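*Asks:* Each chain is listed here by its residues.
Protein chains: 2
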Amino acid sequence: MNKNLKNRAQILQEKLQESQSILISAIGDIAYLSNFKFLVPEEREAFIFVTKNSFNLIHTSFAPINNLKFINYLKGSFPEELANHLKLIIEKENIKNLLIDPETLFVRELEAIKEKKLEVAINNYPKSLIQDLRSIKDIEEIEKISLACSITAKVMTDIIDELKEGITEIEVKKRISNLFELNNILDLAFPIIVAFGPNSALPHHQPGEKILQNNMTVLIDIGAKVSDYCADMTRTIWFGKQKSERFIEIESIVLQAYKEVINKMDDRKTSIKANDLDNAARTYIVSKGYGNQFIHTTGHGLGLSIHEPPSISWSNQTNIEPNMIITIEPGIYLNDEFGYRYENTVLVTKDGTKELTFESK
Amino acid sequence: MNKNLKNRAQILQEKLQESQSILISAIGDIAYLSNFKFLVPEEREAFIFVTKNSFNLIHTSFAPINNLKFINYLKGSFPEELANHLKLIIEKENIKNLLIDPETLFVRELEAIKEKKLEVAINNYPKSLIQDLRSIKDIEEIEKISLACSITAKVMTDIIDELKEGITEIEVKKRISNLFELNNILDLAFPIIVAFGPNSALPHHQPGEKILQNNMTVLIDIGAKVSDYCADMTRTIWFGKQKSERFIEIESIVLQAYKEVINKMDDRKTSIKANDLDNAARTYIVSKGYGNQFIHTTGHGLGLSIHEPPSISWSNQTNIEPNMIITIEPGIYLNDEFGYRYENTVLVTKDGTKELTFESK
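Protein chains in written order, with the numbering used here: chain A, 1 to 361; chain B, 1001 to 1361.
Keep in mind that the hints were calculated from the coordinates and are not lab data.
Small disclaimer: the values here were computed from a predicted structure and weren't measured.
It is possible that some hints are incorrect.
Quick look at which bits of chain A chain B covers, simulated, 3 or more residues with Cβ under 8 Å [to be verified]:
hint: 1; stretch: 92 to 105
hint: 2; stretch: 141 to 155
hint: 3; stretch: 171 to 185
hint: 4; stretch: 218 to 226
From the three backbone atoms N, C-alpha and C, an ideal C-beta is built for every residue, glycine too.
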């Protein structure tokens, strides 16, 4: 891991010019480059500040750090402390250009830097600078995500087997949590989603006291974390002997939309873009009359973050490349009735795809 | 709860002038005012935008919302979508002043608003505007936090009883998680901290494979959540028959520092400030020669967020008032040896204090 980390730092530094510097403030980017873990994600526990000649982790004084040799550890991450660290390095290394990430840097932090009146031009850095690195997974990352996915799929099979009349959404959540623990998974990629009946019409419903009854839809969306790497998987089932006609209709549309996307990747001869994948699912669902009920993107990259580039959205023209790992998750949501989502985590291979959230039975 | 929420909204709106508006971007503030829950805290799932005449929740399309009558729900929270929502309301209601929270608003979000070239002055809102509301807890909030604390204290007693030679930090974490579940706690206030021996010298150490042996320090820092409200409690024990002299020395200093703070609150005749409390603990620890090893503040407020105002720090001059709930947690950290922290969650009462993380035995 340390070798990988150092390698990532070097690749980034090679892209910089002698007088350039880059301030990294996205949690996932910081984890990717330094292995630093946030205890409370909504607090600013760390930044990374990189120049051609130095790689600095600016962090709260009480945060656990790894003491890696290629990293300078600097204590204090409040806006004023951040600005002081930057000032010292910028002046010492004669930096003329400061690149920032406006989507994750707070207004107050930028103000504090500007108040130092440094002789430095401040610009946004191209999103691709770190995203291009993160979106192509290396072998270790693929192994971790694959393991997280296979455990997630096993837990999914087990919990669906165990569903019984009278159980509440919260009780199912509790049992899922137990099943993960039995597989030595203590950290999850995101809060467990369990939705019965009409609750499934809300993509991010959180478990409540709703009771499972016969002839009800059950939507379960879960993901393990293995060594900080995420999995993501959704299944929607009909609880009861006889699926409703409406359920059968919606299920077949969503499953076919999913296949359209996989086929698009498996059959690709030339390069294909993220929006081609979204388009494959969306065109099919629109053709069946449910375009307005497919209310989210077709998927997203995942890794150290549960949502990371590439977004599989209608507007993203990023090329889909081997060793990207993405979710494919078309869904149709019928208010006050039910929602149906089908989601796998998928590895893009040289000539096709590999579904990582693979159920063994 | 809905009544409380509406009341909070009204108090905030009463503080605004006719032409003012306020954009709220802190997760805890948003939860406090609307009961909106973030699924992935590092993603921007919602804002609140308040004017004298309207209370708007701007949120991602797939987030669960409560459909409360006093709230206008507006879909789309990307920077450009946010800016569009604001533009419509600002022009419709003839708003002249936009107050923002620079500590939680991203640079890109402010840019998107400015790009709309609205005829509106943009200023930072006084931190006290919402913090003063949140820091004084109402009866329902006190009940929820009290329950979270009493369960946390019970789990703490149980896990300390169960410690045995050969167990790893991760195994202890797993067992704590089980104990919480047995008490119907599925959500925790923060990741479980379990640190053996020298690992306890790092305040936020995360559990690893270290094995518990005789004559070792064990630091455990845990907190349940009840209805989204946090508890926070730390105990440090000596595992073994005979405490080392060094441990006895440090333990007695930290416990006395804790008492100095409680006494300061219990004996108060006039108003007292947050920094008076920090000072009480710090002066004592400094007098014993360990000032440089007390590397964090004496405590913090808690509620919907694990860290919220008032910070019990050397620089915070906020008055300590009845119905505030704060942690008191002095600690001494000796690198490569061990750390000792003692922490309770404490309710400030009219004439003293009440320790909420109270162990029954």
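*Asks:* Just to make sure I understand the rule, a stretch counts as covered if three or more of its residues have a C-beta closer than 8 Å to a C-beta of the chain. Does the stretch 218 to 226 of chain A meet that for chain B?
*Replies:* violated (count 0)
*Asks:* Go check the stretch 141 to 155 of chain A versus chain B for me, would you? Three or more residues, Cβ under 8 Å, otherwise it fails.
*Replies:* n = 0 at 8 Å, threshold three: violated.
*Asks:* Count residues of the stretch 171 to 185 of chain A with a Cβ under 8 Å from any Cβ of chain B, then say if the count reaches three.
*Replies:* holds (count 5)
*Asks:* For the stretch 92 to 105 of chain A, do at least 3 residues have a Cβ located nearer than 8 Å to some Cβ of chain B?
*Replies:* Contact hint for the stretch 92 to 105 of chain A vs chain B: holds, 5 residues under 8 Å.
Comparing the model with each numbered hint stated earlier shows that hints 2, 4 do not hold.
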